[in-house]
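*Asks:* So the sequence lines, in the order shown, correspond to chains L and D.
Just so we're aligned: the first sequence equals residues 328 to 637 in the working numbering.
Just so we're aligned: the second sequence equals residues 328 to 637 in the working numbering.
Treat the hints as calculated values from the structure; they're not laboratory data.
Treat each hint with caution, since some may be false.
Copies of the same chain are indistinguishable here, so a pair counts whether it falls within one copy or spans any two.
What the hints assert, rightly or not - Pairs of lysine to any residue, SDA-like flavour, derived with a Cα cap of 20 angstroms: (1) K400 with D552; (2) K429 with F449; (3) K397 with E412; (4) K400 with Y453; (5) K549 with Y433; (6) K400 with E551; (7) K356 with E392; (8) K450 with D408; (9) K406 with N458; (10) K429 with P572; (11) K549 with V398; (12) K397 with V550; (13) K400 with Q535; (14) K400 with T536; (15) K450 with D431; (16) K429 with K450; (17) K429 with S508; (18) K549 with D399; (19) K406 with F426; (20) K342 with K615; (21) K429 with Y451.
Protein chains: 2
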Amino acid sequence: MSAPVASCKTVLASKVSASFRDQIKKDIKERDIRPKLVGFLANEDPAAVKYAQWTAKTCAETGVEFELRKVDKQDLEQKIDEANEDKAVNGIMVYYPVFGGKQDQYLQNCVSIFKDVEGLTFKYIYNVYHNIRFLDSGETTKCIIPCTPLAVIMEFIGVYNAVLPYGNRLYGRTITVINRSEIVGRPLAAMLANDGAKVYSVDITGIQTFTRGTGIQLQAHKVEDTELTLEQVVPQSDVVITGVPIASYKLPSKLLKDGVIAINFSSFANFEDDVKQHASIFVPSVGKVTVAMLERNLLRLHDYQHREAK
Amino acid sequence: MSAPVASCKTVLASKVSASFRDQIKKDIKERDIRPKLVGFLANEDPAAVKYAQWTAKTCAETGVEFELRKVDKQDLEQKIDEANEDKAVNGIMVYYPVFGGKQDQYLQNCVSIFKDVEGLTFKYIYNVYHNIRFLDSGETTKCIIPCTPLAVIMEFIGVYNAVLPYGNRLYGRTITVINRSEIVGRPLAAMLANDGAKVYSVDITGIQTFTRGTGIQLQAHKVEDTELTLEQVVPQSDVVITGVPIASYKLPSKLLKDGVIAINFSSFANFEDDVKQHASIFVPSVGKVTVAMLERNLLRLHDYQHREAK
Chain L
328 MSAPVASCKT VLASKVSASF RDQIKKDIKE RDIRPKLVGF LANEDPAAVK
378 YAQWTAKTCA ETGVEFELRK VDKQDLEQKI DEANEDKAVN GIMVYYPVFG
428 GKQDQYLQNC VSIFKDVEGL TFKYIYNVYH NIRFLDSGET TKCIIPCTPL
478 AVIMEFIGVY NAVLPYGNRL YGRTITVINR SEIVGRPLAA MLANDGAKVY
528 SVDITGIQTF TRGTGIQLQA HKVEDTELTL EQVVPQSDVV ITGVPIASYK
578 LPSKLLKDGV IAINFSSFAN FEDDVKQHAS IFVPSVGKVT VAMLERNLLR
628 LHDYQHREAK
Chain D
328 MSAPVASCKT VLASKVSASF RDQIKKDIKE RDIRPKLVGF LANEDPAAVK
378 YAQWTAKTCA ETGVEFELRK VDKQDLEQKI DEANEDKAVN GIMVYYPVFG
428 GKQDQYLQNC VSIFKDVEGL TFKYIYNVYH NIRFLDSGET TKCIIPCTPL
478 AVIMEFIGVY NAVLPYGNRL YGRTITVINR SEIVGRPLAA MLANDGAKVY
528 SVDITGIQTF TRGTGIQLQA HKVEDTELTL EQVVPQSDVV ITGVPIASYK
578 LPSKLLKDGV IAINFSSFAN FEDDVKQHAS IFVPSVGKVT VAMLERNLLR
628 LHDYQHREAK
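Isolated chain L, as found in the complex (with noise of 0.2 angstroms):
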């Protein structure tokens, strides 16, 4: 604790998502269109409020047009079939938790996967599992994959390797995810995994390897239990990735490699506040690239709709 500070880089979130931003801006001001995002909220929870707010004004900046509809839960289902139906809407979101549990992974399946901005309908979730970029066989319409915001900001700080070939740029590198959740952490797992890397996907039931292979044998990852420990995994690992929705969790710093890349998704802390004696590159959180995600997937499928319209 008393060592001097290590070179360790911080990288923002805001600093990530400003190129996308910009971009988008720009494609929308050239195009002089008005893509129309409908965010759903039905509940009273201030971190979605705040998530609702922050996307508001990230749209604003943007030229997004974005409406928050405030709903009953009891009618949020209709509500999102009709946004469905409605030309005028171009992508659908939802602020989570509703019901909580079962009865919220019901509500994701009931957004059209042409609406569905976040990427949390089963086809999408799916298809990340097996590997499967688009949406047709003509390799026209890729797809909404939930967990860009994780790939984007490990593009930008260089864990992928472009020097690779594309689909394999994670080969030779070991991950730790700890987050199996099936929003985040199993997607993230299997997206890794299936770009090449070797991936420990940590939650309190256990530990589970997600691989293609020895030498990337195969077309999709697989995955297999592992007795090893989150002590034996973390020391191991290039990549630190940290999900857990818990304020007084903290991954002990002393496991971390030196110059390992630690990335915290949680909307917590879960790195000590050392973690930077150790680390090579620290992101301390994520959320504006997910707004920025969320925008360039509506841009998406605006363009499929349009297409489609042709």
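Given chain L's structure and the hints, the job is docking chain D onto it.
*Replies:* Leaving out everything else, chain D in the frame of chain L:
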């Protein structure tokens, strides 16, 4: 407690299922077909193993080819995909829990809707909520409904009133359902309300009413939160259906109105021993009807598959 035993009729699932089993057996024999059901077992849960054995026994009796495939849970998704593609397989079921929680809900959606004998894919559950009874607008392809066993029992014991028009045959009935899981309780409450009942749906987070409005005004049910308590809704109920998966849970018999119809679909006894002092009809379990309905759904899917092939 010292009162004489009231005239309660106990209806066993074996009795309800007998006529269905006989019909299925006759149908298979006369048509000289051999529909094939594949069950996936990826856990060591004794209840799941027992349920699998029971499915095997019933299928053997009725002429259905049942194949139990024991697989590693990490391979399950791929094995489901293979069975989806295999023309020799007419129906697929999975013995849950596998991973538990939302990952199991993901797996439910991996089964093709054309082979989903349990009716647990999103499409079927969505259709239950929206009172959509056919997959096609021509109304030739009936949906698979996850809570059919309970509907069949309620038809058998006269809860559905055949004098009323089809679709409204529970109008006038007040029904309490204790369990609001995404697999049974919530679709069941929706189905009963869609058929005209006033339903109180109870779980540990509170009570909701499911109705089609005064005088059955709505095409499908709506849901509202209520401040009413279990002590208030159970005494009003003509039918009380329990599905609490906890051995220690017992609904106090003193809440039941005289002549109530009491149905338990939990694998544990959710009613107290003296339930028969109050109930007119008591159905202590539904398991055998569930297996018969899996077979009926299998036959239906078998026919759809062969019709498609023409």
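*Asks:* Regarding K400 and Q535, is the shortest C-alpha distance of 20 angstroms or less found within a copy, between copies, in both, or in neither?
*Replies:* Between. Shortest inter-copy distance 12 angstroms satisfies the 20 angstroms Cα cut-off; intra-copy 35 angstroms does not.
*Asks:* At most 20 angstroms between C-alpha atoms: does K406 with N458 qualify within a copy, between copies, both, or neither?
*Replies:* between (32 angstroms within a copy, 17 angstroms between copies)
*Asks:* Given identical chains, is K429 near Y451, meaning Cα to Cα at most 20 angstroms, within a copy, between copies, both, or neither?
*Replies:* This pair counts as both: shortest intra-copy Cα distance 18 angstroms, inter-copy 15 angstroms.
*Asks:* At 20 angstroms max between alpha carbons, let me know whether K406 reaches F426 within a copy, between copies, both or neither.
*Replies:* within (16 angstroms within a copy, 32 angstroms between copies)
*Asks:* When Cα atoms must be at most 20 angstroms apart, do K397 and V550 count as within-copy, between-copy, both, or neither?
*Replies:* Only across copies: K397 and V550 sit 17 angstroms apart there, 40 angstroms inside one copy, limit 20 angstroms.
*Asks:* Could you figure out if K342 and K615 sit no more than 20 angstroms apart (CA to CA) within one copy, between two copies, both or neither?
*Replies:* The answer is within: 9 angstroms in one copy meets 20 angstroms, while 61 angstroms across copies does not.
*Asks:* Evaluate K400 and E551 at a C-alpha cut-off of 20 angstroms and name the case that applies: within, between, both or neither.
*Replies:* Intra 38 angstroms, inter 9 angstroms, cutoff 20 angstroms: inter-copy only.
*Asks:* Evaluate K549 and Y433 at a C-alpha cut-off of 20 angstroms and name the case that applies: within, between, both or neither.
*Replies:* between (26 angstroms within a copy, 16 angstroms between copies)
*Asks:* Please sort K400 with Y453 into within, between, both or neither, judging by C-alpha distance up to 20 angstroms.
*Replies:* Answer is between; shortest inter-copy Cα gap is 16 angstroms, intra-copy 27 angstroms.
*Asks:* Check K429 against K450 for me: Cα-Cα at most 20 angstroms, and say if that holds within a copy, between copies, both or neither.
*Replies:* The answer is both: 17 angstroms in one copy and 15 angstroms across copies each meet 20 angstroms.
*Asks:* With identical chains, the pair K549 and D399 could be close in the same copy or across copies; at 20 angstroms between alpha carbons, which is it: within, between, both, or neither?
*Replies:* between (41 angstroms within a copy, 12 angstroms between copies)
*Asks:* Go through the copies and call it for K400 and T536: within, between, both or neither, with a Cα cutoff of 20 angstroms.
*Replies:* between (38 angstroms within a copy, 14 angstroms between copies)
Hint check: no violations occur; every hint is consistent with the structure.
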